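Asks: Using the sequences plus the hints, can you model the full thing?
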Amino acid sequence: MSELLGVAVLGAGHMGADHIRRVDRVVSGARVAAVADPDAERAKEAVGGIGGTGRITVHTDVEAALDAPGVEAVLIASPGEAHEEALLAAFARGLPVLCEKPMVPDSAGALRVVEAEARLGRRLAQIGFMRRYDAEYRQLKSLLDGGRLGRPLMLHCVHRNVSSPPHFTSAMLINSSVSHEIDAARWLLGQELSAVTVLRPRPSAGAPEGLLDPQLVLFETEGGAVVDVEVFVNCGFGYEVRCEAVCEAGSARIGAAHTMVVTAAGGAREEVPQDYLVRFADAYDRQVQSWVDATRRGLVTGPGTWDGYAAAAAAEAGVRALDTGARTPVDLAPRPALHDRA
Numbered sequence: 046m047s048e049l050l051g052v053a054v055l056g057a058g059h060m061g062a063d064h065i066r067r068v069d070r071v072v073s074g075a076r077v078a079a080v081a082d083p084d085a086e087r088a089k090e091a092v093g094g095i096g097g098t099g100r101i102t103v104h105t106d107v108e109a110a111l112d113a114p115g116v117e118a119v120l121i122a123s124p125g126e127a128h129e130e131a132l133l134a135a136f137a138r139g140l141p142v143l144c145e146k147p148m149v150p151d152s153a154g155a156l157r158v159v160e161a162e163a164r165l166g167r168r169l170a171q172i173g174f175m176r177r178y179d180a181e182y183r184q185l186k187s188l189l190d191g192g193r194l195g196r197p198l199m200l201h202c203v204h205r206n207v208s209s210p211p212h213f214t215s216a217m218l219i220n221s222s223v224s225h226e227i228d229a230a231r232w233l234l235g236q237e238l239s240a241v242t243v244l245r246p247r248p249s250a251g252a253p254e255g256l257l258d259p260q261l262v263l264f265e266t267e268g269g270a271v272v273d274v275e276v277f278v279n280c281g282f283g284y285e286v287r288c289e290a291v292c293e294a295g296s297a298r299i300g301a302a303h304t305m306v307v308t309a310a311g312g313a314r315e316e317v318p319q320d321y322l323v324r325f326a327d328a329y330d331r332q333v334q335s336w337v338d339a340t341r342r343g344l345v346t347g348p349g350t351w352d353g354y355a356a357a358a359a360a361e362a363g364v365r366a367l368d369t370g371a372r373t374p375v376d377l378a379p380r381p382a383l384h385d386r387a
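Residues 46 to 387, numbered by my numbering, are exactly what the sequence shown covers, in order.
Some clues are possibly wrong.
Here are the simulated DMTMM-like pairs of lysine to aspartate or glutamate, each with C-alpha atoms no more than 25 Å apart in a straight line [as the list claims (entries may be wrong)]: (1) Lys186 <-> Glu160; (2) Lys89 <-> Asp112; (3) Lys89 <-> Glu117; (4) Lys186 <-> Asp327; (5) Lys186 <-> Asp330; (6) Lys89 <-> Glu126; (7) Lys186 <-> Glu108; (8) Lys89 <-> Asp69; (9) Lys186 <-> Glu237; (10) Lys186 <-> Asp338; (11) Lys89 <-> Asp63; (12) Lys89 <-> Asp330; (13) Lys186 <-> Glu275; (14) Lys186 <-> Glu289; (15) Lys186 <-> Asp69; (16) Lys186 <-> Asp106; (17) Lys186 <-> Asp112; (18) Lys186 <-> Glu265; (19) Lys89 <-> Asp106; (20) Lys89 <-> Asp151.
Have a look at the derived ranges for each label pair, beta carbon to beta carbon [stated by the list, open to error]: (21) Gly268 <-> Val323: 31 to 37 Å; (22) Glu160 <-> Asp112: 20 to 26 Å; (23) Asp330 <-> Ala216: 27 to 33 Å; (24) Gly370 <-> Glu86: 41 to 47 Å; (25) Asp368 <-> Leu198: 28 to 34 Å; (26) Asp330 <-> Glu126: 42 to 48 Å; (27) Asp84 <-> Arg298: 40 to 46 Å; (28) Arg193 <-> Asp376: 14 to 20 Å; (29) Asp330 <-> Asp376: 19 to 25 Å.
These are computed hints drawn from the structure, not numbers from a lab. Just so we're clear, the structure is a prediction, and the values are computed from it rather than from any experiment. From the three backbone atoms N, C-alpha and C, an ideal C-beta is built for every residue, glycine too.
Replies: Encoded structure:
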């Protein structure tokens, strides 16, 4: 391995461009070696501010980027429907991967990725559920694991966005937005989700025509806990993520204080983040740094392909529950064992 881990970034859109900046300016021990995006001009623009750009190759083809000189690892930030092909191509080359969520949007495709990695007999992929790297979420996880509050009974979650993009559908409130709560709940509780019910209040006047927004998504876990998620992607005022764990001997809440309060002119004003890249900037930084550090040691850590598959399966069940109005079981395939060495 070279002195700086050579990373191919797949996707140069909003998320990909932010990761290109992060690898270049924030993370230590890595450099951007190649970028791939169907829009070559967008890819060139994303690397335009990087020093020594002559060392970076720009491609419109994923496999060309993976085969580019100096590429030793892959960061996938392309749209979810392109992830399966990119993951399998990286696996075929033995390249470690950090893949943004969703790992693969549908559970069948996600299971194919799990099985492909299992055939290798070793882990290669970390999935980008960055909330596991957020300081508040990590503090809550440590508290729950320590047992001081007793057995967790319920999680109350809030996920609000200022507005949804034009292509957003009612199903995407679950399989795009709530997918983060799905993984966070599984991780915080150490339990798989077993069933889901979706309640649909009257849509907000601020929601685009035909979009069922907000929704209340209710998950049951295999250990008997209940998780409720209010998802509201056109709230109009800010990006808010909160979680409260209610346990046998107490409760703990995170997210409410993650803001700055400005006092001036006889009043006080709380600043509400407008974007997930602002609210979870530190988590993204820690996630990518952790991935780089582990990769340089020959390890793969963090959420894996099974976590990506379990999230896809739970989200798929949630979309069915949204469509039918019925409580819907989450069906999971048997889980394969993998080694930790890359």
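Asks: Could you run down the list of hints and mark each one as holding or not?
Replies: Here's how the hints hold up against the structure:
Restraint check for Lys186 and Glu160: not satisfied, since their Cα atoms lie roughly 29 Å apart, outside the 25 Å limit. As the CA atoms of Lys89 and Asp112 are separated by approximately 18 Å, the hinted pair is consistent with the 25 Å bound. Distance restraint check for Lys89 and Glu117: the Cα-Cα separation of roughly 21 Å lies within the 25 Å cut-off, and the hinted pair is therefore satisfied. Annotation: proposed proximity of Lys186 to Asp327 holds, straight-line Cα distance about 17 Å (limit 25 Å).
Taken as a hint, the Lys186 and Asp330 pair is honoured in the structure, with Cα atoms around 19 Å apart against an allowance of 25 Å. Only pairs whose Cα atoms come within 25 Å are accepted, and Lys89 paired with Glu126 is accepted, the gap being roughly 23 Å. With a C-alpha separation of about 38 Å, the suggested pairing of Lys186 with Glu108 is violated against the 25 Å cut-off. The hinted pair formed by Lys89 and Asp69 meets the criterion: a straight-line CA distance of about 15 Å does not exceed 25 Å.
With a C-alpha separation of about 16 Å, the suggested pair Lys186 and Glu237 falls inside the 25 Å cut-off, and the hint holds. Of the pairs offered as hints, the one joining Lys186 and Asp338 holds, with about 22 Å between alpha carbons and a cut-off of 25 Å not exceeded. A hinted pair counts as satisfied when its Cα atoms are at most 25 Å apart, and Lys89 with Asp63 qualifies at roughly 14 Å. Of the supplied pair hints, the one linking Lys89 and Asp330 holds, its CA atoms being roughly 23 Å apart against a limit of 25 Å.
This hinted pair checks out: Lys186 and Glu275 have alpha carbons roughly 21 Å apart, not beyond 25 Å. For the hint linking Lys186 to Glu289, the alpha-carbon distance of about 12 Å falls within 25 Å, and the restraint holds. Simply put, Lys186 and Asp69 have alpha-carbon atoms about 30 Å apart, too far for the 25 Å limit, and the pair is violated. A threshold of 25 Å between alpha carbons decides the hint, and for Lys186 with Asp106 the separation of about 40 Å lies outside it, so the pair is violated.
A C-alpha spacing of about 39 Å is found between Lys186 and Asp112, which places the hinted pair above 25 Å, so the restraint is violated. Our distance criterion of 25 Å between C-alpha atoms is met by Lys186 and Glu265, whose separation comes to about 19 Å. For the suggested pair Lys89 and Asp106, the alpha carbons sit about 14 Å apart, so the restraint of at most 25 Å is met. For the proposed pair Lys89 and Asp151, the alpha carbon gap of about 31 Å is over 25 Å, so the pair is violated.
For Gly268 and Val323, the Cβ-Cβ distance of about 34 Å falls inside the hinted range of 31 to 37 Å, so the restraint holds. Take Glu160 and Asp112: their Cβ atoms lie about 24 Å apart, and the range 20 to 26 Å holds. Distance hint check for Asp330 and Ala216: the Cβ-Cβ separation is about 31 Å, which falls inside the suggested range of 27 to 33 Å. The hint said 41 to 47 Å for the Cβ distance between Gly370 and Glu86, and at roughly 45 Å that hint holds.
One distance hint, 28 to 34 Å for the beta-carbon pair Asp368 and Leu198, holds here, with the actual separation near 29 Å. Between Asp330 and Glu126 the Cβ separation comes to about 27 Å, which falls outside the hinted range of 42 to 48 Å. Checking the proposed 40 to 46 Å range against Asp84 and Arg298 shows it holds: the Cβ atoms sit about 42 Å from each other. Judged by the Cβ atoms, the range 14 to 20 Å given for Arg193 and Asp376 is violated: they are separated by roughly 35 Å.
Checking the proposed 19 to 25 Å range against Asp330 and Asp376 shows it is violated: the Cβ atoms sit about 36 Å from each other.
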